[in-house]
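*Asks:* Spelled out from the first residue to the last, the chains are:
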Amino acid sequence: MADGASAAELALHERLLSGDPVAAAEAAEALLDPLAARLRAAWPGVRDPQLVEEATIEAVFNYLKAPEKYDPQRASLMGYLLLAAKRDLSNLLDKERRHAIHAVSLDDGSPAVEVWLADRNTSVEDEALARLGPELPEGVDRMEALRAIAQAIPDERDRQMLVLIAEGERRTSAYAALLGIERLAPEAQRREVKRQKDRVTKRAQRLRARLSRGGGKPDDERS
Amino acid sequence: MTNAPEPRTLLRAAAARAEADPFFLGWALAAYARAHELSGGELAAYLGAEQDNLTRLALCRRPDTQASGFRAQVERVARYAGVEPLRLGMLLLEVATAEALAGDADADVLLAARDHPEDEEGV
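Going line by line, the protein sequences match chains A and B.
All you need for our numbering is the position in the first sequence, starting with 1, plus 257.
All you need for our numbering is the position in the second sequence, starting with 1, plus 139.
Hints may contain errors.
What the hints assert, rightly or not - Here are the computed lysine to aspartate or glutamate pairs in the DMTMM-like style, where the Cα-Cα straight-line distance is at most 20 Å: (1) A/K322 with B/D160; (2) A/K322 with B/E181; (3) A/K322 with B/D203.
Hints were generated in silico from the structure; no laboratory data involved.
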């Protein structure tokens, strides 16, 4: 049934409206897993499964507590719930972003890669992935993004440098320590640090551009 | 409330969340378990059921103790979830009474007070 509720949905809906105490549990059992699956399919870039879970439960609970808000004539029950769950998920993602540090430019121009500070207990790869945002570009899944990062920035020291850049580290000494060039004269350190930062920054920009085009095959990359 | 290791499913996650919402029967189960310091297994045993039954029970709508159809609702829920109807009814009445007398925050305290007869001495 493309529009409106199915017979089974209608029967359950009527029982909820009548206040049948068992209908809520039966509805939850029938709706939660299918709704979560549809939400994941509709929003594949969300890395945290807990957010999908929360949004699913929120949408179903709101329906169980106020079934009169659903009009069976206008849409299927699953369609109605999916719309609600997407809205709840969007709100949860917005809340996640507001709790993060502001977007940081990798260079002096417009932001080439939007970055957030990530949890220090993650791997460097996870942190690099986190810098692409809690929501990956459409069509890009987490594994693909990780592979792209590993390919674009294969050197772990480069990935650690990306983390420092994203965190707004400005001290030459921090980068010099990472690069192992503390014994160079200060001016030589500064020149080498700038050269390495520019190199890593360009790679990150190309990576973001590639992912924004929909992942796909890697471009030829030169340092 | 639960104390047995169980695979986390979406249904169980929902039942856990229901414990925080007075609309659901799970809220009453959680209040009763807290007040009587019961684990999930002990609560299930009190209700004459397996612990898995508590998930279905928690997601039922909490019957209205003031409604004329309260007994029928309790029996319906008990049949659905496989629990003792009398025990379920008593649990719901106890939680509702505490809630009515003291408000949600103190419901657990009032419920627990019934377990300490020495307090009736006024000490």
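*Asks:* Next, verify each hint and record whether it holds.
*Replies:* Verification of the hints:
Distance hint between A/K322 and B/D160 is fulfilled; the C-alpha atoms sit about 10 Å from each other, no more than 20 Å. As the CA atoms of A/K322 and B/E181 are separated by approximately 29 Å, the hinted pair breaks the 20 Å bound. Note on A/K322 and B/D203: the hinted pairing holds, with a Cα-Cα distance of about 14 Å set against a maximum of 20 Å.
In this structure, only the earlier hint numbered 2 is contradicted, and the remaining ones agree with it.
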